[in-house]
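> Residue numbers (the working numbering), protein chains in the order written: chain A, 1 to 583; chain B, 584 to 949; chain C, 950 to 1182.
Incorrect hints may have been included.
Simulated crosslink set (DSSO-like; lysine-lysine; CA at most 27 Å straight-line) [unchecked claim]:
no.: 1; chain 1: A; residue 1: Lys-386; chain 2: B; residue 2: Lys-763
no.: 2; chain 1: B; residue 1: Lys-845; chain 2: B; residue 2: Lys-908
no.: 3; chain 1: B; residue 1: Lys-763; chain 2: B; residue 2: Lys-816
no.: 4; chain 1: A; residue 1: Lys-355; chain 2: B; residue 2: Lys-752
no.: 5; chain 1: B; residue 1: Lys-752; chain 2: A; residue 2: Lys-494
no.: 6; chain 1: B; residue 1: Lys-734; chain 2: A; residue 2: Lys-490
no.: 7; chain 1: B; residue 1: Lys-734; chain 2: B; residue 2: Lys-752
no.: 8; chain 1: B; residue 1: Lys-845; chain 2: A; residue 2: Lys-494
no.: 9; chain 1: A; residue 1: Lys-494; chain 2: B; residue 2: Lys-766
no.: 10; chain 1: B; residue 1: Lys-766; chain 2: A; residue 2: Lys-490
no.: 11; chain 1: A; residue 1: Lys-193; chain 2: A; residue 2: Lys-438
no.: 12; chain 1: A; residue 1: Lys-3; chain 2: A; residue 2: Lys-360
no.: 13; chain 1: B; residue 1: Lys-766; chain 2: A; residue 2: Lys-386
Distance windows between CB atoms, simulated [said to hold, decoys possible]:
no.: 14; chain 1: A; residue 1: Ala-246; chain 2: C; residue 2: Phe-1019; range: 44 to 50 Å
no.: 15; chain 1: B; residue 1: Lys-752; chain 2: A; residue 2: Ala-168; range: 49 to 55 Å
no.: 16; chain 1: B; residue 1: Lys-752; chain 2: C; residue 2: Gly-998; range: 56 to 62 Å
These are computed hints drawn from the structure, not numbers from a lab. On a predicted model such as this, the values are computed, not experimentally measured, just so you know. Every residue gets a Cβ at the ideal spot worked out from N, C-alpha and C, and that includes glycine.
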Amino acid sequence: MSKITTPNGFTLDNSGRRVAVDPVTRIEGHLRIEVNVDGGNVIRNAVSAGTMWRGLENILQGRDPRDAWAFVQRICGVCTGVHALASVRSVEDALSLPIPDNANLIRNIMHLTLFVHDHLVHFYHLHALDWVDVVSALSASPKATSELAQSISRWPSSSPGYFADVQAKIKRMVSSGQLGPFRNGYWGHPAYKLPAEANLMAVAHYIEALNFQREIVKIQAVFGGKNPHPMWLVGGSPSPINVHGAGGVGAINVERLALVADVAQRTHDFVSQVYIPDLLAIASYYKDWFKLGDGLASKNLMSYGEFPSKANDQSNASLRLPRGVILGGDLSRIHEVDLKDPSQIQEFVPHSWYKYGDEKAGLHPWDGRTDLDFRLGPKTKQSGDKIEALDEEAKYSYVKAPRWKGHAMEVGPLARLVIAYANGDRRIKELVDGALKKLDLPLPALFSTLGRTAARGLETQWAAEQLIGEIGQLVANIKAGNSATANTDKWEPKTWPDTARGAGYCEAPRGALGHWIDIRQGRIANYQCVVPTTWNASPRDGAGAIGAYEASLLGVPMANPSKPLEILRVIHSFDPCLACATH
Amino acid sequence: MKRPTTFDVLQERGISRRDFLGFCALAATWMGLGPQGGAAIAHALETKPRIPVLWLHGLECTCCSESFLRSSHPQASDIVTSLVSLDYDDTIMAAAGDQAEAIVEEIIRDYRGSYILAVEGNIPLANDGMACIVGGRPFKHQFDDAARHAKAIIAWGTCASSGCVQAAKPNPTQATPVHKLIKNVPVINVPGCPPIAEVMTGVIAYILTYDRLPELDNQLRPKMFYSQRVHDKCYRRAHFDAGQFVERWDDEGARQGWCLYKMGCRGPTTYNACASMGWNDGVSFPIKSGHGCIGCSEEGFWDRGPFYERLPDMQQWGIESNADKVALAGAAALGAAIAVQSAATVVKRVVTGKAYDKDSDDSPTS
Amino acid sequence: MANGFVPYHRMPEHKLVPSVRVYGPGVRLWHWANATMVIVLCITGYFIGVPPPSILGDASSSYVMGWIRFLHLAAGYLFALLSVYRLWLVFTERGIAHHLYLPAIWRKAWSDGFFRQIRWNLLLDGPVRYVGLNPLANVAMFFMFLLPGLAVIITGFAMYAEVVGHDSWQYFWFGWVTHIFGNTLDLHIIHRLAMWVMVWFMMAHIYIAVREDILSRQTVISTMLSGERQFRD
Ligand code: HEM
Ligand code: HEM
Ligand code: NFV
Ligand code: SF4
Ligand code: SF4
Ligand code: F3S
Ligand SMILES: [Mg+2]
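I would like the entire structure built from these sequences, with the hints used as guidance.
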């Protein structure tokens, strides 16, 4: 191959040294990244392979559509619930079953809770160590760290003593020789730029966030019984409301609502006083990363929209985050997305380990197939049982290649924010402009590695605010005498038509998620999921167009290809979820 | 160099002895160890170096990790940084690629026979195990290497214990639970999809404290957490006994917190601690939030649907119908046969004047 | 009182033969006690699986499922004990008490009778007189009463072990059953299916008992009351 230009305008050159990162850790699931670097250690070719597959779409065939949410929820436990939500929506769409207002609010509350939780955990526990050198924190002055912390936030845990304690803990761990999860990290790597004090502050908050994140999900536990993997219901929400009457224990009552409101407020405070200040502080030391890792971001972005303010209304008038596509970087035009139009969303498999009757054709998910066809290409390099290099000219990933009207898309918080921004959303504009101003960066800086990371943080702030609003709305609804939570008109399969097809949308933390269901005689005839990470981690399509991960790595310089910290930075900025991507 | 004990580490982390003993007592209560339990845990944590833990991921959804991180007593951060040495876990470890894989080899080399292997998810055997590739090799190989020299294996979740969702019919990847592939190393199954956080950490704390594996039942589950059904401890049980059931979602019974049996609740056939321990620091559990139990800790629960029918499909036996439907069809066929025979007998009697031929010579032969 | 085993044999078609004592008081008592238990178990068992409509009011004032389950479990114990008693009667009461467990399929008379009985039921031939259990009924009893009876006892006690806990004798003796299936929901389904097989049996059994009594020139129902098989012309 050597040098080629892809239809979506990228130049690939696989002549240089090949480097593989497998497993890519601090993500969900099993991802392998291979790159070729040129003489100057700049990435010139990138290959992204999902290396695990379970076959859930096939397992669903023949089952009761009302059970589907529970199966697909197990696609992923990190973005727990999003598949369940897309699933119940797909069934409700197929049956034209409207849900009550309260159910819509409860779903919004659960989903916003997930946004905040997932993003927060991603920032501190999956992404921070790409920027924060734990070992360097040992040489920080606790007093200076305290001053730094107090200069950026009024969060109360910020005394010199507090940071000294944290430092002592890390010291103890390092000197014990048992580093646990910090073992074999890239400590001391030249790409780490934070001063020791910022490192110490971040490590302290790593631990604090680990302890706090379990509080956030209590909101989901109230409405869904547990987290991860709360309970859902086709037609509404399983948790009934009984605020005034007898026997209201076990339903949503005044105590439960108080718990939820309290957690939401504390969550909001943690986000605005810890997460956002940390994000801006760390980002300010890595401004070069607002230029690296763009890929598809400045070109094609897509969002299905989310958080209907009116139940059963998925028009942009109702969706709090709008639906749409931005094509070729033209922010002045938002294209409409229709999940049911067979010519819009299609999946291709020429480079995926599946077979289609016609390998060149794309299939709309209603007609989608997931027939396994695992074979390594002829140019695969292996030693013993180990794959050294994949053959990207053949099939090389369990991820399919989804395309919107033939275009590869980037999805995720950045896409959502940019589309909302372009749509003129006031609060989003305020958040984005505010952050850019603080960092003294222009709008296009968003189309980058740290742009994605920043967008995720800003979205968390937005979601934490919305969460408080939606809880208030639920209380107001109940106060107004509205307590219905489920529509059972079509609960019994005998009330269904012989055949019905539906599409369920959802903006998951990682981006646009769709589930397509085909129901025949009360059973699932076909079920297909096209998942955020399926879009972003997409392998090449038949024409050779590359997906978001592969595109974003091109042109990124590495200090030392054997210590692939830069690859982790770029890829982590997407918050990969491979169990989702392949399912 | 003397390896610091867990308590040393906790102390350095600013945890006072009083807090520490408090934690031990709490942990003991959760494990049902009685008043002396706390002291025993404290003693163990004060005197032993941290056990290395390798946490491998096969075919899974990472939800078991997520649940683990939600543990309240002990807190997740304490476990990861102080109670054990979680040296390999692809979800949170700093290292990646070759440097990550090297850790598995190092631990096997340095702690042969004394590290714990935790497995989340299960092992696909189809296609030479290539439905899950880690470090360029089939996950099966990584698993075999790490399992062979482990002190014990903890199979997290229903995936590792009995197969879970990817092993549901038709199990396209031949996903296989841990215990079916292990011969000489003890396996502890901690089922649940996912398991309750404090059950997960409780199992680890027990092993650390007593230096032995918990007592297991015949499905290899720790008896202390899995010997009673959700139904046995369910706070809605009084409504079950009284015959008060939710008949439709959001009906008056639902609002009053009646029993979810008729909505398909699997509590009566599910062994788990949900109803007694609760989830997320005791905030709730599925039934408390109005949805029946789907039996997520039971073997093969995915193939016992629909989850909303008290009598599931007999899909696992290759039949689509449920028991009562089969019965009704049988009874109808039988009824029809009886009717036909009676009618024919009457007709014959009317036609021939008798029901049988008295004159035919049909004497017994013996 | 029949004090020897009465082997299976057919009676001549035309002669008036003396009556034969086929069931002792134990079997007769067992039969009706057993019939009562089975009916109680079917009714209560049915409602355990598909409970009756909900009862309004305070939970503490009613105990509907509690009683249904109590009756079921109590009757289940009795049913199991009666089954042991019935086995014991084979040795103590003789007569034809062993026919139920040991159909004389190796005897030509039995197998001839079996096919003859099928012909009669298809109305291709006349009815037959026997000393002993009618061979067709005998087979039905084996497959539709004895085997499902064993199944409900085994799965019943295995489920009982769930009620009383894993340190109970029920678990000690029947815990292995649970282990075979992994998921105890299967026990409920098997138990319930077995019930339906017994319901089919009862439908056929009672119908045939009445039919034979009318048509086959021998006592059938009263035999189970008096123990005597009488032959008419
Ligand atoms: C003729 C004999 C029997 C019949 C027809 C019968 C029928 C049934 C039925 C239909 C169920 C409900 C199954 C379900 O849908 O979950 C049931 C449950 C049960 N039966 Fe039986 N049964 C019989 C004998 C026994 C015996 C001998 C025992 C042992 C003591 C027993 C113990 C149980 C238990 C423990 C349950 C479960 C109760 C519960 O889930 O609360 N049964 N039976
Ligand atoms: C309530 C109506 C019933 C009637 C009228 C009835 C009648 C009879 C009669 C007449 C016999 C004797 C057959 C013979 O001597 O050839 C018999 C035997 C038998 N019946 Fe029933 N029966 C009834 C209910 C049941 C029930 C509910 C069961 C159990 C499911 C049952 C199980 C049996 C068995 C196992 C025998 C064989 C007895 C032996 O040889 O030990 N019967 N029944
Ligand atoms: N849907 C979904 Fe996902 C993905 N990709 C979501 O945010 O992570 Ni587990
Ligand atoms: S057991 Fe359930 S929760 Fe755990 S990894 Fe498997 S699917 Fe996820
Ligand atoms: S809700 Fe479920 S577990 Fe609770 S009493 Fe009813 S059937 Fe049992
Ligand atoms: S569904 Fe699972 S979480 Fe508990 S209540 Fe049932 S075992
Ligand atoms: Mg798919």
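> Decide, hint by hint, whether the structure agrees.
Comparing the hints with the structure gives:
1. Taking the CA atoms of Lys-386(A) and Lys-763(B), the gap is near 25 Å; set against the 27 Å cutoff, the hint holds.
2. With a C-alpha separation of about 17 Å, the suggested pairing of Lys-845(B) with Lys-908(B) holds against the 27 Å cut-off.
3. For the suggested pair Lys-763(B) and Lys-816(B), the alpha carbons sit about 31 Å apart, so the restraint of at most 27 Å is broken.
4. The suggested pairing of Lys-355(A) with Lys-752(B) holds, with an alpha-carbon distance near 21 Å, which does not exceed 27 Å.
5. As the CA atoms of Lys-752(B) and Lys-494(A) are separated by approximately 25 Å, the hinted pair is consistent with the 27 Å bound.
6. Proximity of Lys-734(B) to Lys-490(A) is assessed by CA-CA distance (about 53 Å); at most 27 Å being required, the pair is judged violated.
7. Only pairs whose Cα atoms come within 27 Å are accepted, and Lys-734(B) paired with Lys-752(B) is rejected, the gap being roughly 33 Å.
8. Of the supplied pair hints, the one linking Lys-845(B) and Lys-494(A) holds, its CA atoms being roughly 18 Å apart against a limit of 27 Å.
9. Distance check on the hinted pair: Lys-494(A) and Lys-766(B) sit about 49 Å apart at the alpha-carbon level, beyond 27 Å; violated.
10. For a cut-off of 27 Å, the pair hint linking Lys-766(B) to Lys-490(A) is broken: about 50 Å separates their Cα positions.
11. A C-alpha spacing of about 19 Å is found between Lys-193(A) and Lys-438(A), which places the hinted pair at or below 27 Å, so the restraint holds.
12. Taking the CA atoms of Lys-3(A) and Lys-360(A), the gap is about 23 Å. The hint holds against a cut of 27 Å.
13. Between Lys-766(B) and Lys-386(A) the alpha-carbon distance is near 25 Å, which keeps this suggested pair within the 27 Å criterion.
14. One distance hint, 44 to 50 Å for the beta-carbon pair Ala-246(A) and Phe-1019(C), is violated here, with the actual separation near 28 Å.
15. Here the CB-CB span from Lys-752(B) to Ala-168(A) is close to 54 Å, well matched to the stated 49 to 55 Å.
16. Here the CB-CB span from Lys-752(B) to Gly-998(C) is close to 24 Å, at odds with the stated 56 to 62 Å.
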